[in-house]
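Participant: Protein chains in written order, with this note's numbering: chain C, 1 to 387; chain E, 388 to 1041.
Treat the hints as calculated values from the structure; they're not laboratory data. Treat the hints with care, since some could be wrong.
Under the rule of at most 25 Å between Cα atoms (straight-line distance), these lysine to any residue pairs were calculated in the SDA-like manner [what the hints assert, rightly or not]:
{"hint": "1", "chain 1": "E", "residue 1": "Lys598", "chain 2": "C", "residue 2": "Leu271"}
{"hint": "2", "chain 1": "E", "residue 1": "Lys472", "chain 2": "C", "residue 2": "Lys195"}
{"hint": "3", "chain 1": "C", "residue 1": "Lys274", "chain 2": "E", "residue 2": "Arg393"}
{"hint": "4", "chain 1": "C", "residue 1": "Lys195", "chain 2": "E", "residue 2": "Arg393"}
{"hint": "5", "chain 1": "C", "residue 1": "Lys195", "chain 2": "E", "residue 2": "Gly530"}
{"hint": "6", "chain 1": "C", "residue 1": "Lys274", "chain 2": "E", "residue 2": "Gln602"}
{"hint": "7", "chain 1": "C", "residue 1": "Lys274", "chain 2": "E", "residue 2": "Lys598"}
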Amino acid sequence: MTTLAASPSRRRAASATSFLAHVDVALLALPLAISALGLVMIFDASRYETARGGLSRLYYVERQGAAVAIGVIAMTIVMAIDYRRIRDAWGLVYFAILPLLAGVVVLGRNHNGAQAWFQVGPFQFQPSEIAKIVVILAIAGYCHQHRGDLDAWRVAVAIGLAGLVMAIVYAQHDLGTMLVIMVCAAAVLVIAGLKPVHIVVLLLLGASLVGAAVVTGKVQAYQLDRLTNFANQSTSHLSAHDQTPTQLNLSASKAAISSGGFGGAGFGQGLRTKNGFVPEQHTDFIFTAVGEDLGFVGGAALLLLYSLLAWRLWRIALLSSDFFGTLVAIGVLAMFAIQIFENVGMTMGIMPITGIPLPFMSYGGSAVIASFVAVGLVRIEHARRFS
Amino acid sequence: MSDNSRVRVSIVGVVIVALFASLFARLWFLQMGPEQKLGQPVSSLGTRVIQTESPRGEILDRNGKVLAQDVAAWAVTVDRNLSEKARDRVLGQLSEVLGIKETTLLANYESNRQSPLMPAVVALRVPLAQQLAIREHREAYPGVNVTELTIRAYPYDGLASQLLGYVGGVDALDPKTFKQLEAKGYQTGDLIGRSGVEAAYESQLRGTPRKVTVQVDPTGRQVGAPINIDPGTVGNNVRLTIDIRVQRAAERALAEGILAARNEQDITTAKTGYTKLKATGGSVVVLDVHNGSVLAMADYPTYPLSWWVGGISTDHYTQLSNAAAQNPLLNRATDGQYAPGSTFKLVPALALNQYNVFGASNYYDDKGSLSFGGSTFKNDNNTVNGPVNLQKALTVSSDVYFYQAGLDFWNIGNVDPNRGLGIQHMAADLGFGKTTGIEVGDAVGRIPDPAWRTAYAKANYKTAEEVRQNSIWYPKDNIFAAVGQGDDFVTPLQLVNAYACFANATANGGRGTLWTPHLGQSVSNPVTRKTVETYTPKPIGNVTIDPYVLSQISAGFNGVISDPKGTAYEAFKGLPVAVAGKTGTAQIPGKGPTSLFASYFPIDNPQYAVIAVVEQAGHGAQIAAPIVRQVIESITSPNLPPTPIPTVVPGAKD
């Protein structure tokens, strides 16, 4: 274990030589660029909502702007921490998040509810967003500790680490985040050297669990409605009255994107966005505002930005000299990729509707801050490679 | 990094490329490819009209104080298509964020006063911070919406509830009525005045709805901008003749009187044991004697109209509808029917002179009782008043004087049937036995006569012999009719209106006008601020009274208050303004007596007529008279505290 006494001199040396010299400019620039676009589109998509709610037109933009600023600061702090200390302290980080996560569940239990956030003054802090990163760090740290020696027992421990957090998140009725955590954990484990036989066993286990959950009614009706609806989208024979809220959501979302065409309606011109046809448009359905107002050009450009981000993350995973670094980069890559795919996919009807935000775009402070922190973690591995 | 890891990282890369490629492909299909038509206006566009209610007009008092108005309020609604489990969970979440008990939210959700077709309003007047907490976590609140509603607000909540009336959803009405309203442009979820002024002035208050015509695709979704917007019009404001200051004083006095009565012994049951008066309810009305405008119309028991807002809770509905509550929804002033007791003596007093039966100056020896045909009719408390003329008979409330009047008319009836019904004719001239025509509607009441007796017998008896026997108009029937007992029923409004007619006769040299009592003063457009309609007083009829008779009756009414032998002398002692009044105590079989007091003031140049009627509250002098005193004080000296209702009036009679 690295001693605390040894680190100051190393860190000073590191920051002097490599802190800026080895910055992956693209990796830092991409989240900032996407966040900037996000602010603009939140303004666009929340105009109807703010007008209806009697709020300032910049209400959501201001709050998201504050979250981006906090996120950038948090990212910088994370970048300044010696990654070996994070690597070795994964247990501490992991066990610190548990009471936070469990806290919201316990508070919610009083009223038969399942609130998933803490009210901090005017802001709400959602620990499950941070939990995604903590799970990545924990499994990466654990696998790094036992690299090359990942037997069935240790695989079970690693899965247990993810499973505990997933169970608590599930208790908050946040099925989407639970699935994201599952994908991140799976990605890290596969790269860490999971044996093919383990992979097969786990896949079978996972499938039967999902089946059991649906059969025993542990999945809420609305969750099931969302899951099944993307498979059954031909609702055009139904009038608006006969469609479930999810069907309406989905068709409104698809219609908005579709109406954008190649060049889009123009910023602020899209009728569906302007008139608030797409529910939750500034949060989960922000991509529909891009699709309608900026068209295929805008939508494709945004996807391209995300592709570049994914490519930089993947490149770092491949080039990292450190096993932990590779695992974290893969975890973060998986986290962003699944969120982007799920979120954009659901707006276009190829994925079920869940409450997963689009990284750096969707309104939501906890998610934005967590995303920047995730990027900060990856950037260190890249920088360390050269030190 | 091992080669194995490198391979695996590469595989992850391939997977991710595939994911992004499918997103690009899907985006292309949706926006440029075959599914592009989704967002385009399709060829077979229909139109749909989205109709929303315009704000309802305000109801104001005569000085422009707002009594009822529409205000915007933020509400949390819950969809009705949730499963019970999902609903309970979401109500639990809402309970957490709103700080309202889950049981309360559930009660609101299930309230039968809410439309089952619309999302249920579970919380009203939700503060901004809580609205935002819900909106920012939509995913945590499936089926929940935060919407702006227009709700009825009552700045003087709790006052004039029966008179203003409540608004409710048209859905709550029976299907037939709903169909008729639909034809008039109402739709599910609209509000309509259900009682009182809100119902009477519905056509003025409602305005016309806003109609937005949009094009819709076959799935019912809007395509493009609205093609037509009819902004609708805001409902008109209705200004009432009510003075909320007097209304408040009247309600306060009535409540105080009723609570005082409940602490007093019911002497009618003194022989069987000690019971207190029940004083189940009552009413106070103040009229302007020169045009029939209503200054105050108080009812007890009462309730706040805000209970109805957003759908009444089950708890509140029970409080309004259970038997023990004594029907707070009833406007007793217009729809309560009471035996008037001695307050009715105004009618035979006029009839005796109008039909030349017994002159006002003539003396009659009141021996304390009148025996006739084996029956004895006694004065209250068996008082012997000695020789009394009309003035004194009114002041001391001699029953025997008026029993004799009833008997005299009956005897005349044997010779001249029309003249024999002089009391009934006089009652009709003063507006009894028919509705007054007030906007909010009222009960008919009943003044019995031989024709009614026959019709009643025919309706209630089978054999010809029974019908014949029960059709007979006996002397006692006319005797009871003369003193406001037996089958006489009047509403407080009819009674006060008759006194108002007499009062304006004293100001107009004996020519009295019976005005239609009314609540509306004017209707104005809230946008242009112009008056659309002004109420012109409508006479029902006229009564001409001989000036001497008038002065005698007037002096008799004055004596009730100023003569130490007057029945309400104690109750009005020390009041600086000269008041004319008449006490009444109506015996009700099986119940405590109704306490009444009818009056007008100032006596020389009358302006207002005031009545108080309290059910099961003992003598008129005991409860009703002190209530009227407080109301008069609120008009003549509004800044002084009212004289408390005495707990026990010494020697209270009639």
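Participant: None of the hints should be skipped; say for each whether it holds.
Facilitator: Here is what the structure says about each hint:
1. E:Lys598 with C:Leu271: It holds: about 19 Å lies between the C-alpha atoms, which stays within 25 Å.
2. E:Lys472 with C:Lys195: Violated: E:Lys472 and C:Lys195 sit about 42 Å apart, past 25 Å.
3. C:Lys274 with E:Arg393: 48 Å, violated
4. C:Lys195 with E:Arg393: 15 Å, holds
5. C:Lys195 with E:Gly530: 45 Å, violated
6. C:Lys274 with E:Gln602: OK: C:Lys274 and E:Gln602 at ~16 Å, within 25 Å.
7. C:Lys274 with E:Lys598: Holds, at about 20 Å.
Consistency with the previously given hints fails for numbers 2, 3 and 5, ordered from lowest to highest.
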